[in-house]
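Novice: Given the coordinates of chain U, work out where chain P should sit on it, guided by the hints.
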Amino acid sequence: MGQIEWAMWANEQALASGLILITGGIVATAGQFTQWYFGAYSIAAGVFICLLEYPRGKRKKGSTMERCGQKYMTKVVKLFGPFSRNYYVRAILHLGLSVPAGFLLATILGTACLAISSGIYLLAATRGEQWTPIESKPKERPQVGATIKQPPSNPPPRPPAEARKKLSEEEEVATGVSSGPQENPIPVTDEVV
Amino acid sequence: MMGCWMLNESVSVILALLWLGVNLYLFIDTFRWYGEEESFFYTRVILGSTLAWARASAVCLNFNCMLILLPISRNLISFIRGASICCRGPWRRQLDKNLKFHKLVAYGIAINATIHIAAHLCNLERYHLSQSAEAEGLLAALSKLGDTPNESYINPIRTPHTNTTTELLSTIAGITGLLISLALILIMTSSTEFIRQISYELFWYTHHMFIIFFISLSIHGAGRIVRGQTPESLLLHNVTFCRDHYAEWQAAARCPVPQFSGKEPSAWKWVLGPVVLYACERVIRFWRFQQEVVITKVVSHPSGVLELHMKKRNFKMAPGQYVLLQCPSISSLEWHPFTLTSAPQEDFFSVHIRTAGDWTRALHTAFEAEGQTIKEPRSLPRLAVDGPFGAALTDVFHYPVSVCIAAGIGVTPFAALLKSIWYKCCESQTQLKLSKVYFYWICRDPSAFEWFADLLLSLETRMSERGNTHLLSYHIFLTSWDENQAIHIALHWDENTDVITGLKQKTFYGRPNWNNEFRQIAYHHPSSSIGVFSCGPKALSKTLQRMCRLYSSADPRGVHFYYNKESF
Numbered sequence: 001m002g003q004i005e006w007a008m009w010a011n012e013q014a015l016a017s018g019l020i021l022i023t024g025g026i027v028a029t030a031g032q033f034t035q036w037y038f039g040a041y042s043i044a045a046g047v048f049i050c051l052l053e054y055p056r057g058k059r060k061k062g063s064t065m066e067r068c069g070q071k072y073m074t075k076v077v078k079l080f081g082p083f084s085r086n087y088y089v090r091a092i093l094h095l096g097l098s099v100p101a102g103f104l105l106a107t108i109l110g111t112a113c114l115a116i117s118s119g120i121y122l123l124a125a126t127r128g129e130q131w132t133p134i135e136s137k138p139k140e141r142p143q144v145g146a147t148i149k150q151p152p153s154n155p156p157p158r159p160p161a162e163a164r165k166k167l168s169e170e171e172e173v174a175t176g177v178s179s180g181p182q183e184n185p186i187p188v189t190d191e192v193v
Numbered sequence: 001m002m003g004c005w006m007l008n009e010s011v012s013v014i015l016a017l018l019w020l021g022v023n024l025y026l027f028i029d030t031f032r033w034y035g036e037e038e039s040f041f042y043t044r045v046i047l048g049s050t051l052a053w054a055r056a057s058a059v060c061l062n063f064n065c066m067l068i069l070l071p072i073s074r075n076l077i078s079f080i081r082g083a084s085i086c087c088r089g090p091w092r093r094q095l096d097k098n099l100k101f102h103k104l105v106a107y108g109i110a111i112n113a114t115i116h117i118a119a120h121l122c123n124l125e126r127y128h129l130s131q132s133a134e135a136e137g138l139l140a141a142l143s144k145l146g147d148t149p150n151e152s153y154i155n156p157i158r159t160p161h162t163n164t165t166t167e168l169l170s171t172i173a174g175i176t177g178l179l180i181s182l183a184l185i186l187i188m189t190s191s192t193e194f195i196r197q198i199s200y201e202l203f204w205y206t207h208h209m210f211i212i213f214f215i216s217l218s219i220h221g222a223g224r225i226v227r228g229q230t231p232e233s234l235l236l237h238n239v240t241f242c243r244d245h246y247a248e249w250q251a252a253a254r255c256p257v258p259q260f261s262g263k264e265p266s267a268w269k270w271v272l273g274p275v276v277l278y279a280c281e282r283v284i285r286f287w288r289f290q291q292e293v294v295i296t297k298v299v300s301h302p303s304g305v306l307e308l309h310m311k312k313r314n315f316k317m318a319p320g321q322y323v324l325l326q327c328p329s330i331s332s333l334e335w336h337p338f339t340l341t342s343a344p345q346e347d348f349f350s351v352h353i354r355t356a357g358d359w360t361r362a363l364h365t366a367f368e369a370e371g372q373t374i375k376e377p378r379s380l381p382r383l384a385v386d387g388p389f390g391a392a393l394t395d396v397f398h399y400p401v402s403v404c405i406a407a408g409i410g411v412t413p414f415a416a417l418l419k420s421i422w423y424k425c426c427e428s429q430t431q432l433k434l435s436k437v438y439f440y441w442i443c444r445d446p447s448a449f450e451w452f453a454d455l456l457l458s459l460e461t462r463m464s465e466r467g468n469t470h471l472l473s474y475h476i477f478l479t480s481w482d483e484n485q486a487i488h489i490a491l492h493w494d495e496n497t498d499v500i501t502g503l504k505q506k507t508f509y510g511r512p513n514w515n516n517e518f519r520q521i522a523y524h525h526p527s528s529s530i531g532v533f534s535c536g537p538k539a540l541s542k543t544l545q546r547m548c549r550l551y552s553s554a555d556p557r558g559v560h561f562y563y564n565k566e567s568f
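Just so you know, the protein sequences line up as chains U and P, in that order.
Here the first sequence stands for residues 1 to 193, where the numbers follow the UniProt record's numbering.
Here the second sequence stands for residues 1 to 568, where the numbers follow the UniProt record's numbering.
Next up, chain U with everything else stripped away, as it sits in the complex (with noise of 0.2 Å):
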């Protein structure tokens, strides 16, 4: 399947997994079903889930699309370092993650979810994916410098060729910096362009 980066769908699987099992938690703690309090741990599960996968990590190549709003969260899982770099990592939080929603009838679709988003993602650490985050680029300053050409050296009003030539080159003995008179490479005319 050619140049496909696993970790994405891994991501999209893990969001679902994570809002799938805080509906299932929902379900089951509002209804206080036996060992409700899976469901519970299932609602606080899937919000850190929804939470660290929100962010969308960048691209090997080409851009890609933030999630609205992404760059809060973003911030924050990059001070995890390694942790949420690392597609170990995720593939094994994931998997220990998604084992006591698993007790609960109400929340084993989540399990199971959870659990393929677990396997994709060890599918893309073993094919060295990295988490990058998407950091919007600095606004580079036009450098006012480098835009404007050299203004002319010798504007007019000019002194006469003999006497230009002769300025010319007590500069260039001055100044050791060599701008001879502006040459015109195309004939010059007043028509507005």
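Don't read these hints as lab results, they were simulated from the structure.
Be careful, since some hints might not be right.
[What the hints assert, rightly or not] Distance condition first, Cα-Cα at most 27 Å in a straight line; then the derived BS3-like pairs of lysine-lysine:
{"hint": "1", "chain 1": "U", "residue 1": "K137", "chain 2": "P", "residue 2": "K538"}
{"hint": "2", "chain 1": "P", "residue 1": "K297", "chain 2": "P", "residue 2": "K424"}
{"hint": "3", "chain 1": "P", "residue 1": "K538", "chain 2": "U", "residue 2": "K71"}
Specialist: For chain P alone, kept in the frame of chain U given last:
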């Protein structure tokens, strides 16, 4: 000019509302039935209102699963498009929105599935509680039914020493339900727009889990778990009286033990038709795959565009249609859509393929487009073609004035159209309804002009030869250039032909000002129906839709812009 967006959008909105209406009707009707039906009285005693929620959402699920396969049966849609000579105009345009409808129905399935699963979770829990030792009264009496040989059970959980998970996994409904949900979730997470863009293959392959989905759906109800009282039992056992005398059911003749039976599975009845239709669709694709496709010409254009000329027996096309290509040497399962760039009057058909992903890149390599070696015709990889399938541009000829707007590679459907106009122009016998075509091409890369420029050049000369220059008015917009190009353009500003394209019509720089363009067109054609066709990014499409609404007049005899969109 007041915008009359209802003109263009009304039919789609009506159809969406119709779909929603049928869903709501089915849901509410089933909900009320299960909430009031006497044969389910005892079931309601155990389950409460969640029975009705589960059954109502099940009926909606049946309805939506029936609909979901229809919008992606391309051959069916082409057939309807070709056959419905009567329903022109707005109804035929709806056939172009088939993918949107497919997504709408998918969302419907997701919502109903959530309701269905949540309700059944509660149901299982309640069944479990009524079977436990703490249950008393009517609940306990109902749950005990079925223990003796003459009785039929109402509570599918038969012992108190179990948990709901085990019960789920020991029933057909439970296992198939889990499979269906997993398949649906995997399909949906791999179909997000992001994933479709970065890896079309993942989306395509995972979507085939619909096979598991439909098989599991058909056998989901086989366990007949949800049970209601049989009609014979209802005659003998008066519910309103006997519900308070449950202690006497075994003994007294007034209230014989109620008998229950499960509803037979009905999902297969809903989905059988569309599944068969879709199976035929895939068979047609396979059969078309077997037919021989002869590649007559391969041209590699500078901006990574590969042009293929092919021949196939009995292949008939219309401008703007597309085909699905498969290259078995690259992938035996993938079919990719490409617009046809040749006119129907030519004896071959052609496609222009731009490298945009894995498959197209592999195709370029397979045809050795990069290298200079000339391949033997026999050593070229084999291609399979399915189609052609209809797209919006077949409507261009039905309007007196048409405006065609293309961005970048989106020019391909219009290439076929312009060639077709050229040929039709040459046949002096046929009288075209179409009298004026405005063509806009917005392009970032001047090298992309190369293959299309030849076409425009020959069109230009042809038109001026026949004195038909008023038929086609085209404008090319270049939206990105570097400084060297800018200098070059500025230097050659005054020449007769355009410095980049070599055409008489000068290239414009920057994006078009659509307000001006639409105003001009509306001014020149004050009482016509004008078809607007575009192929390009969403932002462009949104802008054009807005323009169409803005500049269509409220007066039915005034100018009306009708927007048609095609994109892949």
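Novice: All the hints need checking, so say for each whether the structure fits it.
Specialist: Each hint, compared with the structure:
Only pairs whose Cα atoms come within 27 Å are accepted, and K137 of chain U paired with K538 of chain P is accepted, the gap being roughly 25 Å. A distance of roughly 24 Å separates the Cα atoms of K297 of chain P and K424 of chain P; the hinted pair therefore holds under the 27 Å criterion. Straight-line distance between C-alpha atoms of K538 of chain P and K71 of chain U comes to about 25 Å, which keeps the hinted pair within the 27 Å bound.
Violation of the numbered hints given earlier is absent; every hint is satisfied by the structure.
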